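Engineer: The residues making up each chain are set out below.
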Amino acid sequence: MSTLLEHRASIALLGAYCGVAALVCLSQPGSLLNNPRSASIRGTVRIESKIQSKSLALNLYLRRGVTPNKKSQSPPSELENVVLYLEGEFTSSFDPPEKNPQILQADETFVPHVLPVIRGTTVTFPNGDPFFHNVFSLSSAKSFDLGRYPKHQVRSIRFDRPGIVKIFCHIHSHMSAVVIVFDHPYFTTANAGGKFRLDNIPPGNYELVAWHERLKPQKQPITLRAGTEIQVELVL
Amino acid sequence: MMLERNLRIVFALLCLSSFAFGEERFALQGIADSTFTNRNFSLSTYEAPESQTLWNGGFALLGSLRLKDNLLAFYEGRVNHSEGLSGTYPRLQNTRTDPVLQAYLRYSPRLAWDLRIQVGKFGTPFGQFLARNYSNENPLIGYPLIYTHRTPINARYVPSDSAELLSYRGRGQGGGFYAYAGGSAWLPLINFSYPTGIMAFGNPGRWDYRFAIVNSSLSNPLNLGTPGQRIQWIGAGGVNCFPRLHAGVSFAEGPYLDGSVNRWLVTGQSINDFKQRAIGFDLQYALHHLEVYAELLFNRFDVPNILQPLGATGYYIEVKQTWAPRIFSAVRWNQIYFDRLRNDFPPGEGPRFDYNVNSLEAGVGYRLTEKLLSKFSYQHNRTLSDTVPTENVFAAQLVYSFDVRSLLRIR
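These protein sequences, in sequence, are chains U and H.
Per the numbering used here: the first sequence = residues 780 to 1015.
Per the numbering used here: the second sequence = residues 95 to 505.
Since the hints were made in silico from the structure, they are not lab data.
Some hints here could point you the wrong way.
A short, non-exhaustive set of chain U residues, derived as facing chain H with CB atoms under 10 Å [what the hints assert, rightly or not]: (1) F873; (2) E877; (3) Q881; (4) G907; (5) F923; (6) G926; (7) K930; (8) H931; (9) K945; (10) F947; (11) H953.
Since this is a predicted model, take the numbers as computed values, not measurements.
Each residue gets a CB set at the ideal place from its N, CA and C atoms; glycine is no exception.
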């Protein structure tokens, strides 16, 4: 009897889990079930060109009061810094996300190094290091200076114009990040293995662009039909 | 010279090996600046003011190479050229090359507490300004007075008595130039000194400490490696009192006179008997777009044939405000007070061994790009004497800092 009850309970639990999973799946922008009139792109990006290496920390002087305790860390894959986005005609207007994305300052590094956002997004810059940081940009798409601030403090800035915003720290010249501001939500970044996915795209003709800050962008024309998912492979 | 040549060879080999391995271990940064300076001064209140225009071009090359996770090599070389463009003095032509200003190894033993050891030729770890003396980090064009004002104490000559010392008042700075510290034997209180030695340092929690044993004094880098000279030692500590404020203290002690002075000393004395002792306090504070830096220095020289130690107290306070991403302004106020001579004079009435000096520098900076910075400043220096009264300096500077590998397309 107890075995039967346990069995039924397990089935109920499994059903509930499936229900929740289905709801989560339906609520995801990537779900085809969510919008059968939209299309998806799934793909892989590879980097075959030689990338110019990034600036390393020089740290000729160990500064008092702003001294880092450097931790050894493995550098992130350059594939994670590749942004995939669509170029084409988009008629709708799009709202920024409710939750603000962040670029953390940790171990004298901006994390993530590349952040694509939609126009109107506010990005927060928490300082996770036990010393002062500064965040500034002189890019035409957004020029700002958040001043110097210590650990645990957070400053934020809203990005209102599409374009590439290069971000630096006055105190640590080797620190840099890039915020790419789009006027549509059809962008993503690749994962460490180079895989990416774009969902809920209205059918149409587009160019899929793979962008890396130190490489020439690659473009690939694509045609998307409603309810389909295409697979692409891009090489930088 | 042998040491410098060997260091250069070692560093070249390290660089080549880094390229050969093709790993991201090597950082190379360049800082180039071009400065036009117009200096108006009068040698006395009774003479017509002089005017001099000067161009100064500087280039600093800084490199670091990660040999292992816990072993790094650092390098800095500099070239500086000054040229007189107009003025009543003979046209100045001066090139100073420091192919190895700094070259050292930094080792981090894997201990439970923070300790790093640095061996080689490195900047004196006293105070806070040496790390900020680069033109892309200094918000003004000139330097703090305690680093540039030349006192009447000479590293290569000793006065025979107090009267002779007094005759040198104002002479150290008289032929000098506040905008740049040169290689003169008239000593400032602190110099931009890069001796050879060993340093232990670390940053445990909110504290930091440094302890170094080196072969050159705080004020006189010219006595580097003088035969028979005792070593110098420098200690420093600091604490982040609260997140926005760092307070530090530094101490240095050691002989400062050049070895050539030995011939003027009485039998039984050596240059090691005459020391410079300095204790300094420094503060750094930042609030939003406001930055404040300050240093207070108590310095004392033992001078041959002068019975009392010659003390001087100097300080500066520097405030920088960033108004917009591209625009900032800064102001620095400096003062130095020199001790009165006590012997042969009634108490409190002895003359000061050098004239007290004040200096105010104010300037603005405009960032043309992330790498290109322009600065404009006005500096007023006032010596509290009739013989060397004032100096006014207008200066404009363009600074370009860059990643050398990016510029040369090194991959």
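Engineer: If a hint holds in the structure, say so; if it doesn't, say that too.
Structural biologist: Quick rundown of the hints versus the structure:
1. Interface hint status for U:F873: violated, as the beta-carbon distance to the closest one in chain H is roughly 27 Å, over 10 Å.
2. Interface restraint check for U:E877: the shortest CB-CB distance to chain H comes to about 28 Å, outside 10 Å, so the restraint is violated.
3. At its closest, the beta carbon of U:Q881 sits 20 Å from a beta carbon of chain H; the interface hint therefore is violated under the 10 Å criterion.
4. With a least beta-carbon distance of about 13 Å to chain H, the hint placing U:G907 at the interface is violated under the 10 Å criterion.
5. Interface restraint check: U:F923 against chain H, minimum CB-CB distance 6 Å, threshold 10 Å, status holds.
6. A cut of 10 Å between beta carbons decides the hint on U:G926: the least distance to chain H is about 4 Å, and the hint holds.
7. Among the interface hints, the one on U:K930 holds; its C-beta lies about 6 Å from the nearest C-beta in chain H, closer than the 10 Å criterion.
8. For U:H931, the suggested interface contact is upheld, since its CB lies about 8 Å from the closest CB of chain H, less than 10 Å.
9. Proximity of U:K945 to chain H holds as hinted, the smallest CB-CB distance being about 7 Å (cut-off 10 Å).
10. Of the supplied interface hints, the one on U:F947 holds, with its beta-carbon coming within about 6 Å of a beta-carbon of chain H, less than 10 Å.
11. The closest approach between the C-beta of U:H953 and any C-beta of chain H is roughly 7 Å, which is under the 10 Å cut-off, so the hint is satisfied.
Going through the hint list in order, the structure does not satisfy hints 1, 2, 3, 4.
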